[in-house]
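Based on the provided sequences and hints, a complete structural model is requested.
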Amino acid sequence: MGEKLAMVVFSGSADRLIGMAILAGAASAMDWEVDIFLQLWGVYAF
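Residue numbering for the sequence shown follows this note's numbering, beginning at 339 and increasing consecutively.
Derived from the structure by calculation, the hints contain no laboratory data.
Hints may be right or wrong, so weigh each one.
Stated by the list, open to error - Label-pair distances were calculated between CB atoms; the ranges are:
| # | residue 1 | residue 2 | range |
| --- | --- | --- | --- |
| 1 | G340 | I374 | 29 to 39 Å |
| 2 | V381 | L361 | 17 to 27 Å |
| 3 | G340 | Y382 | 14 to 24 Å |
| 4 | G340 | G363 | 13 to 23 Å |
Every residue, glycine too, gets a C-beta built ideally from N, C-alpha and C.
What follows is the structure, encoded as structure tokens:
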């Protein structure tokens, strides 16, 4: 695992969450290490 992806989720709107999920899924499928940091409104979405 040489590549890494880190994302900060700061909004709970659907269009941003879908984009985050696509990027995280693609990176994970390529065997990248993925870190997702949730901030206030991003946490409310879950």
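We went through each hint and held it up to the structure:
no.	hint	result
1	G340 x I374: 29 to 39 Å	19 Å, violated
2	V381 x L361: 17 to 27 Å	19 Å, holds
3	G340 x Y382: 14 to 24 Å	34 Å, violated
4	G340 x G363: 13 to 23 Å	19 Å, holds
Hints 1, 3 from the list above are not met by this structure, while the remaining hints are.
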